[in-house]
Structure formats: C-alpha cells, structure tokens
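Here the sequence shown is numbered in this note's numbering, starting from 16 and rising by one per residue.
Misleading hints may appear alongside valid ones.
Derived pair list, reagent style DMTMM-like, types lysine to aspartate or glutamate, alpha-carbon separation capped at 20 Å [stated by the list, open to error]:
| no. | residue 1 | residue 2 |
| --- | --- | --- |
| 1 | 64 | 48 |
| 2 | 90 | 72 |
| 3 | 89 | 72 |
| 4 | 64 | 102 |
Hints listed in this document are in silico derivations from the structure and should not be mistaken for laboratory results.
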Amino acid sequence: RFLVICNDIISMARYAGAGTRVTPETMAVGVIDDVGPGGNYLTHPHTAKHFREEIWEPHTFIRYMWDQWEAKGKKSCFDLAKNRVHDVLAQHQPAPLPDDACVKMNEIISRRQSECED
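Input sequences plus hints: build the corresponding full structure.
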C-alpha cells in the first residue's frame, strides 16, 4: 500500500513540476475568438480534445466533497491503496522472459541440482 501511495505522490510532483505548457495549441486563441465573451468553452471541440491532458487524477488521494466521500463508502487513502494493490495483482500479466534468460536460468538450476546430488 505504501508504494501505491508513494506512486501517487511522485505522480503529483511530476505533474506539478512539469509546469504549464504554453504553445499555440494550448493557448487556443482561435477558440477564444470562436467562443467570445460569455460563451461556453466546455462545449467547444478543442476543450473536448484537450481537457484530459490537463487533469491529474490520483488513485489514492480523496478529492471528493464530504457527502460524496460518505456516499462512496468513507474509504481512506489506505483503503483505496489496498484496493489498487489487489487490482494490479489481479490484472498484471508479466512479460515473458527472453529465451536466452530462460536458457541461463535452466543452466543455473541444473548446476545447483547436480551440486546438491554430489
């Protein structure tokens, strides 16, 4: 659980440390012209395309309002981390070892077995 919480802290620090990207695409001056004063940026296609790039979402930190948190079961960050650990362990598919690694491991096992027999 501790590693999952630390992972969230590191992720948050990286997000905050990356700063704000300022490019012609992120400034979207054309969108400002399109929407105009008092307009709704949330319905503009540019917003739909880019808004997820600017949001950081933790796995374990609680960012709900109190009543939302209660409605979701009053789970602590430790409870959420425990759930995350179970999810990762249940879904993890380890990458297969390279063939040469398997050969070397089998050689080591064979050597050790023969040493034990002696």
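Evaluation of the provided hints:
1. Only pairs whose Cα atoms come within 20 Å are accepted, and residue 64 paired with residue 48 is accepted, the gap being roughly 18 Å.
2. For the given pair, residue 90 sits about 17 Å from residue 72 by alpha-carbon distance, which is consistent with the 20 Å threshold.
3. Between residue 89 and residue 72, the direct Cα distance comes to roughly 18 Å. Compliance with the 20 Å bound is thereby established for this hinted pair.
4. At most 20 Å may separate the alpha-carbon atoms for a hinted pair to count; residue 64 and residue 102 exceed this at roughly 29 Å.
The structure fails hint 4 only (numbered hints given earlier).
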